[in-house]
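Residue 1046 in the numbering used here is what sits at position 145 of the sequence shown, and the numbering runs on without skipping anything.
If you are wondering where the hints come from, they were derived from the structure by calculation, not from laboratory data.
One or more of the hints may lead you astray.
Derived PhoX-like pairs: lysine-lysine, alpha-carbon spacing no greater than 20 Å straight-line [unchecked claim]: (1) 1118 to 1071; (2) 1066 to 1015; (3) 1045 to 1118; (4) 1145 to 906; (5) 1071 to 1112; (6) 948 to 1015; (7) 975 to 948; (8) 1045 to 1067; (9) 973 to 906; (10) 1066 to 1045; (11) 1089 to 906; (12) 1067 to 906; (13) 1066 to 906.
Per label pair, the in silico range of CB-to-CB distance [unchecked claim]: (14) 1116 to 938: 19 to 27 Å; (15) 1045 to 1014: 37 to 45 Å; (16) 961 to 1028: 29 to 37 Å.
Keep in mind the model is a prediction, meaning the values are calculated, not measured.
Just so it is clear, CB atoms sit at the ideal spot from N, CA and C, and this is done for glycine as well.
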Amino acid sequence: TWRAKRISGNVKWRHRSAPMAQYTEPDTRSKSLTREPSGLTLLRGRKPATKTLGLNADGILDVIESYHNQSKFKYSHCDTPDILALFTVLETASQDPNTFVIRGALRDHVNANKNVYRRNNVSHGDLAHFEECPRGWVMIDLDKVPLDDIDLVNDPVGTVKRAIKKFLPKCYQNASFVWQLSSSAGLKDDGFLSTHIWFILDRPMGEAELKTLHALKAPDVDRSLFQTVQIHYVAAPIFEDGVKDHLPVRI
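All chains, please: the whole structure from these sequences, using the hints.
This is the structure:
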């Protein structure tokens, strides 16, 4: 059995005194730390890992530029032992358009001071740079799921809670979470919600177990997120000059 963790009391997500997660500098980090269940791998590319929003030819807010294909990244690592630390890391990462998260752990042979490749299989004669690692956290991706009474301006938390109740199994109900709207959320009033929901689990889980459980209990969840090097997009969208964010809060 498994459950997402609940912490006591009301969580004030914007509270700045939340405990900071510890970033580990690549040249001094312990290799074992990258494999800790609470470990979170961040990669930073030279191009944005988010969408650019602006006005289209009809003057309507729309996606002007989508994600970029990239192969080489700068590596960093964070420890996220609890939901508050996880929130702090994600809020910081959301402000860097070039950064994203993966589940995998850096392999022993990789020099983290140099560029790393986002792959976990042998390619072009080079060894894989990342390996599967059970994590004590999980990101749930609900992409364009149908939901009544979506209100991302006045009640984003209530909207996400109703999505959790509708699409996720009992183990996630009444658990603490960090919510984050996708970069294109709210562009259309079409009755579909796109959001990322992060949980701390009561025990580490790996790719195979996560895929099996969610296939049975939460078929609307994008199970590709459980793969070793699958990109977890965390950056807020980029807005063209003169265009303001249509949503007051994204995380």
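Now for the hints, and whether the structure bears them out:
1. Pair hint residue 1118 plus residue 1071 holds up; C-alpha atoms about 9 Å apart against a cutoff of 20 Å.
2. For a cut-off of 20 Å, the pair hint linking residue 1066 to residue 1015 is broken: about 43 Å separates their Cα positions.
3. For the given pair, residue 1045 sits about 18 Å from residue 1118 by alpha-carbon distance, which is consistent with the 20 Å threshold.
4. A hinted pair counts as satisfied when its Cα atoms are at most 20 Å apart, and residue 1145 with residue 906 does not qualify at roughly 36 Å.
5. Taking the CA atoms of residue 1071 and residue 1112, the gap is near 17 Å; set against the 20 Å cutoff, the hint holds.
6. For the hint linking residue 948 to residue 1015, the alpha-carbon distance of about 17 Å falls within 20 Å, and the restraint holds.
7. A hinted pair counts as satisfied when its Cα atoms are at most 20 Å apart, and residue 975 with residue 948 qualifies at roughly 12 Å.
8. Between residue 1045 and residue 1067, the direct Cα distance comes to roughly 14 Å. Compliance with the 20 Å bound is thereby established for this hinted pair.
9. Distance restraint check for residue 973 and residue 906: the Cα-Cα separation of roughly 35 Å exceeds the 20 Å cut-off, and the hinted pair is therefore not satisfied.
10. Restraint check: the Cα-Cα separation between residue 1066 and residue 1045 comes to about 16 Å, which is no more than 20 Å; the hinted pair holds.
11. A hinted pair counts as satisfied when its Cα atoms are at most 20 Å apart, and residue 1089 with residue 906 does not qualify at roughly 33 Å.
12. Our distance criterion of 20 Å between C-alpha atoms is met by residue 1067 and residue 906, whose separation comes to about 19 Å.
13. Of the pairs offered as hints, the one joining residue 1066 and residue 906 holds, with about 16 Å between alpha carbons and a cut-off of 20 Å not exceeded.
14. Against the hinted window of 19 to 27 Å, the Cβ-Cβ separation of residue 1116 and residue 938 comes to about 22 Å, which satisfies the hint.
15. Taking 37 to 45 Å as the suggested C-beta distance range, the pair residue 1045 and residue 1014 conforms, at roughly 40 Å.
16. Between residue 961 and residue 1028 the beta carbon distance is about 47 Å. The supplied range of 29 to 37 Å is therefore violated.
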